[in-house]
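Participant: Protein sequence lines, in the order shown, are assigned to chains R and D. Numbered per the UniProt record's numbering, the first sequence spans residues 1 to 223. Numbered per the UniProt record's numbering, the second sequence spans residues 1 to 662.
Keep in mind the hints are simulated off the structure, nothing from the lab. Source: prediction; values computed, not measured. Even glycine gets a Cβ: it sits at the ideal position worked out from N, Cα and C. Careful, some of the hints might be misleading.
[Claimed, not checked] For the chain R half of the interface with chain D, some residues (derived, Cβ under 10 Å), not all of them: (1) 9; (2) 69; (3) 73; (4) 84; (5) 90; (6) 92; (7) 115; (8) 116; (9) 195; (10) 196; (11) 199; (12) 202.
[Stated by the list, open to error] Pulled from the structure, derived: some chain R residues nowhere near chain D, Cβ distances all over 10 Å: (13) 99; (14) 171; (15) 181; (16) 209.
[Unchecked claim] Cβ pair distances, simulated, as ranges: (17) 97/D - 221/R: 56 to 64 Å; (18) 80/R - 40/D: 19 to 27 Å; (19) 180/R - 86/D: 33 to 41 Å.
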Amino acid sequence: MADRNPAPDTPELRERWGAFEFTESYRERADKAIARYPEGRQRSAVMPLLDLAQRQVGEETNTQGWLPLPVIEYVADYLDMPVIRVLEVASFYFMYNMKPVGKYHVQVCGTTPCMLRGSDGLFETCKKRGMSKGHVSEDGLWTLTEVECMGNCATAPMVQINDDNYEDLTPERLDTILDALAKGEQPKAGTQEPGRHTSEPANALSSLEAMVDENHDYRSEWS
Amino acid sequence: MPKVTVDGQELEVPEGATVLQACELAGKEIPRFCYHERLSIAGNCRMCLVEVKPGPPKPQASCALPATEGQEIRTDSEMVKTAREGVMEFLLINHPLDCPICDQGGECDLQDQSVAYGRGATRYEENKRAVTEKYMGPLIKTVMTRCIHCTRCVRFSEEIAGVDEIGAVGRGEDMQITTYLEQAAEHELSANVIDLCPVGALTSRPYAFEARPWELKKTLSIDVSDAVGANIRLDSRGREVMRALPRVNDAVNEEWLSDKGRYMVDGLSKRRLDKVFMRKRGKLQPATWDEAFKAIAKAKPGKAIAAVAGDMVDCETMFAAKSLLKACGSKLIEGRQTGMDYDVSNLAAVNFNSTFEGLEHAGAILIVGSHIRWEAPLVNVRIRKAVKRGAKVYVVGPYWDTTYPAEFLGEDLGVLNKLPKEVADAFKNADRGAVIVGGGALKSAHGKAMALASDWGADFNVLHFSAARMGGLMLGFAQKGGMADIVKAKPKVLISLGADEMDYEPFADTLKVYIGHHGDKGAHSADIILPAASYAEKDGTYVNTEGRVQFAEKAVFAPGDAREDWTILRALADALKVEVGFDNFAQLQSAMIAEVPALGEEGLADYGALPKADATAKAEGTMSAYPIKDFYLTNPIARASEVMQRCSSELLHGGELAEAAE
Chain R
1 MADRNPAPDT PELRERWGAF EFTESYRERA DKAIARYPEG RQRSAVMPLL DLAQRQVGEE
61 TNTQGWLPLP VIEYVADYLD MPVIRVLEVA SFYFMYNMKP VGKYHVQVCG TTPCMLRGSD
121 GLFETCKKRG MSKGHVSEDG LWTLTEVECM GNCATAPMVQ INDDNYEDLT PERLDTILDA
181 LAKGEQPKAG TQEPGRHTSE PANALSSLEA MVDENHDYRS EWS
Chain D
1 MPKVTVDGQE LEVPEGATVL QACELAGKEI PRFCYHERLS IAGNCRMCLV EVKPGPPKPQ
61 ASCALPATEG QEIRTDSEMV KTAREGVMEF LLINHPLDCP ICDQGGECDL QDQSVAYGRG
121 ATRYEENKRA VTEKYMGPLI KTVMTRCIHC TRCVRFSEEI AGVDEIGAVG RGEDMQITTY
181 LEQAAEHELS ANVIDLCPVG ALTSRPYAFE ARPWELKKTL SIDVSDAVGA NIRLDSRGRE
241 VMRALPRVND AVNEEWLSDK GRYMVDGLSK RRLDKVFMRK RGKLQPATWD EAFKAIAKAK
301 PGKAIAAVAG DMVDCETMFA AKSLLKACGS KLIEGRQTGM DYDVSNLAAV NFNSTFEGLE
361 HAGAILIVGS HIRWEAPLVN VRIRKAVKRG AKVYVVGPYW DTTYPAEFLG EDLGVLNKLP
421 KEVADAFKNA DRGAVIVGGG ALKSAHGKAM ALASDWGADF NVLHFSAARM GGLMLGFAQK
481 GGMADIVKAK PKVLISLGAD EMDYEPFADT LKVYIGHHGD KGAHSADIIL PAASYAEKDG
541 TYVNTEGRVQ FAEKAVFAPG DAREDWTILR ALADALKVEV GFDNFAQLQS AMIAEVPALG
601 EEGLADYGAL PKADATAKAE GTMSAYPIKD FYLTNPIARA SEVMQRCSSE LLHGGELAEA
661 AE
């Protein structure tokens, strides 16, 4: 699992991020998130706010974004809650990056279904491009992280890059996607299997065949 | 009242009880780590598994399961036994086997429960997780590798202390308990997490590697660092008090203790007066008891003798001094060293009448001139509880961090004369209200506060902060004009019973005899020093601010030539050739009880009804600061204590961490 310790609290970090504030558009979204909860329960909005803060940091640094300590403190202050409670949340979910990441955060699933379907090859592909787990590549483009199941087992193996999932991958398909991203293009998200739309059965239907056109009650056929 | 069956035994349990509580009522022991009676339920250690029917066919965590009608609970089945063994095995996967070098050894929940409920041997060969130590301040030592993630400390700091200092960062096996950026835990009750920690992850820093629990003699005592009178246990080895721990007393301290009461004990062996000293040619020189007594007799005080009681003396000492003065024909006794002169004709008017337990049920609380967190941290815990039940709190006085929502009405005490309407409304709407007047506001706001309380039908409370105060007042240690009367009487001899906060300047021509235990302010000004015993070195009776009479026992002997205070006063009676009427402690105590019967009975003293409040009373003056300037250094023992000095410099004055230099 990735290192969940926050980046060290150094004077440079304070200098860079000490004055962090939501921009107008982010503040609007943050206040909207807070307004979803009853008055006095603004703390409930800690997760969307951390996400927004991370995105804004990402925009400012041209990366996926991460959460420096001063930004975490800003969020705590924004919600009037103790910093340690915000840090607890931020360090719990791996969607929040505690360390700087590259422009594209390549999260390769290594859990059993993906592993059986060839995630090892995906790691190889990534490594060949100079990525290594937990580090930002030299060109600042990539950060590789091995993650646990992301719930796309039907279309394994999969990789999550920033906000998009890429499924049904082979090393070649991943290469194509990474090339496109490096060029600044936006490849098609979702399954990469030609002819497949989402996570429907890859070939012919093998189950629930009677349900293709209309609802069907199977219960009487159970033995 | 649901009826449940525990191991075949049928019993009724109170509404809202959990299965764990039901089992306890049935006399069954349920092992647990995360569950604690005074904290919220977390249900994350899984040690309290029991078998419950009806329900899923698997063991269930009894601490988080409500007891319901007709449940059949088994704590002795094979399933429960294997479940406990399994949980224990999991807990021990990452727990180091360093009991021989762990300070918790001998009083460790995990140690005890693994003996009682664990498997005999380990099946794991893998490496254990290691966690870096976290800095949590001068009082709490951490060995986080031992942490089993029960989160009791997190819940304590959030719920009881109310400061959200400690949190659990990370998840799963990587979860770590820490303060934000490893800042020191600063709350006055922070060290209670050491008692709460079921393993040796949080241990006492000053007491690290000092002693094993089984080597210690345990003595039941009373904390004298404030006027709450927390029930404590002094653990001593040989002649040294090694540590103080809280005892459970729901009426007083529940099971908490302030950091000062807990850690000032190292001051008991520092800066002690262990010899008789006399001032010769302006300098204090060692002397003998005989010389000292002769010098006092030579002063021929006659009736011109006065006694001032310090903040930490017991009732017996004060009574012995009073008897001595009475035999000499003097009534010049006073305990309010700093010169306060409130009316004490009715003690109910200077008592904490709500009682601490009752304060929890107040719906509206008005605090007048009291920094409760520093003057009585354990009372602040009660107010927090009241606030959680919906109480509204108003404070008159300079701002302090209350840890609960409170409205500050300003530093001007005159605001009491024209309170905002919402305050009166809050009190009228509450079933029970409480007005608390702190020592700092007694002079200017006592009458008005009492009038307000009687107007609203609220309880009137005075919060003292010296342990000897209520006892002293019961024994009559109060002049009408306070210390000014003593000064005016120009006594030839002034007996100071450990009075370190008073001003000795007006007594320049008086022979000042200091009977006390620490070389502090009083000893510096004294002409004769008679070394006496501290609270740990004598039996004694103390009365807390709510008028609760409590006995403390002697834990160790006083060092050097120091004697118990009453014996010194008894010997002084011989030197002055008067009769005091007692020759041993039992006689002294029975004489005292004969005079003030309430002191003979543990529990709340009855002071009768409050006097009729003066409806025309006005409060005036501004309160720019509270009397306590430094929470950790309020009494001579604490001032002598290195731990308290370090707390003061590091936590209050932002000093450099002493550890950084090591």
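Participant: Indicate, hint by hint, whether the structure satisfies it.
Facilitator: So, going through the hints one by one against the coordinates:
no., hint, verdict
1, 9, "6 Å, holds"
2, 69, "7 Å, holds"
3, 73, "9 Å, holds"
4, 84, "4 Å, holds"
5, 90, "9 Å, holds"
6, 92, "5 Å, holds"
7, 115, "20 Å, violated"
8, 116, "24 Å, violated"
9, 195, "39 Å, violated"
10, 196, "34 Å, violated"
11, 199, "28 Å, violated"
12, 202, "33 Å, violated"
13, 99, "14 Å, holds"
14, 171, "31 Å, holds"
15, 181, "30 Å, holds"
16, 209, "35 Å, holds"
17, 97/D - 221/R: 56 to 64 Å, "58 Å, holds"
18, 80/R - 40/D: 19 to 27 Å, "21 Å, holds"
19, 180/R - 86/D: 33 to 41 Å, "50 Å, violated"
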